[in-house]
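K.L.:
Sequence:
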Amino acid sequence: MLDFCAEHGLGAEIEVIDGDQINEAYDRVVASDVRYRFVIDIASLRG
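Just so it is clear: in the sequence shown, position 18 is 18 by the numbering used here, and no numbers are missing.
To be clear, the hints were calculated from the coordinates, so they are not data collected in a lab.
Careful, some of the hints might be misleading.
Said to hold, decoys possible - Each pair of labels, with its calculated beta carbon distance range:
(1) 35 / 9: 17 to 25 Å
(2) 9 / 38: 20 to 28 Å
(3) 3 / 26: 29 to 37 Å
(4) 13 / 42: 26 to 34 Å
(5) 38 / 6: 19 to 27 Å
(6) 12 / 45: 27 to 35 Å
(7) 42 / 11: 15 to 23 Å
(8) 3 / 27: 35 to 43 Å
(9) 12 / 43: 17 to 25 Å
(10) 31 / 7: 15 to 23 Å
(11) 43 / 23: 17 to 25 Å
(12) 27 / 7: 33 to 41 Å
(13) 2 / 24: 28 to 36 Å
(14) 11 / 43: 35 to 43 Å
Nothing here was measured: the structure is a model prediction, and the numbers come from that model.
All residues carry an ideal CB built from backbone N, CA and C; glycine is no exception.
The task is simple: from the sequences and hints, build the whole structure.
P.N.:
Have a look at this one:
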């Protein structure tokens, strides 16, 4: 399946969020207000 997706340029649509937006993202998931997958920017978690 991964090979098929790569050959046809298919991939997941994502929304990159900062670490401090995790609770907001969770609330959106619970409310079914999500269009894309959330990806947490790990660099935002560093001090």
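K.L.:
CB of residue 43 to CB of residue 23, is that within 17 to 25 Å?
P.N.:
19 Å, holds
K.L.:
Does the Cβ-Cβ separation between residue 3 and residue 27 fall within 35 to 43 Å?
P.N.:
36 Å, holds
K.L.:
Using the C-beta atoms of residue 42 and residue 11, is the stated range 15 to 23 Å upheld?
P.N.:
Since residue 42 and residue 11 have Cβ atoms about 20 Å apart, the given range 15 to 23 Å holds.
K.L.:
Is 20 to 28 Å respected by the C-beta to C-beta distance linking residue 9 and residue 38?
P.N.:
Because 22 Å falls inside the window, the suggested range holds.
K.L.:
Residue 2 and residue 24, beta-carbon distance inside 28 to 36 Å?
P.N.:
31 Å, holds
K.L.:
Return holds or violated for the Cβ distance of residue 11 and residue 43 against the range 35 to 43 Å.
P.N.:
Once the Cβ atoms are compared, 21 Å apart, the range 35 to 43 Å for residue 43 and residue 11 is violated.
K.L.:
Taking 33 to 41 Å as the stated bounds, is the beta-carbon spacing between residue 27 and residue 7 within them?
P.N.:
37 Å, holds
K.L.:
Taking the CB of residue 12 and the CB of residue 45, does the distance hold inside 27 to 35 Å?
P.N.:
22 Å, violated
K.L.:
Go ahead and decide if the range 19 to 27 Å is satisfied by the Cβ distance of residue 38 to residue 6.
P.N.:
About 23 Å separates the Cβ atoms of residue 38 and residue 6, which means 19 to 27 Å holds.
K.L.:
Can the suggested window of 29 to 37 Å be confirmed for the beta-carbon pair residue 3 and residue 26?
P.N.:
About 33 Å separates the Cβ atoms of residue 3 and residue 26, which means 29 to 37 Å holds.
K.L.:
At the C-beta level, are residue 31 and residue 7 separated by a distance inside 15 to 23 Å?
P.N.:
36 Å, violated
K.L.:
Please test the hint of 26 to 34 Å on the beta carbon pair from residue 13 and residue 42.
P.N.:
For residue 42 against residue 13, whose Cβ atoms are near 20 Å apart, the range 26 to 34 Å is violated.
When held up to the earlier numbered hints, the structure conflicts with 4, 6, 10 and 14 and fits the remainder.
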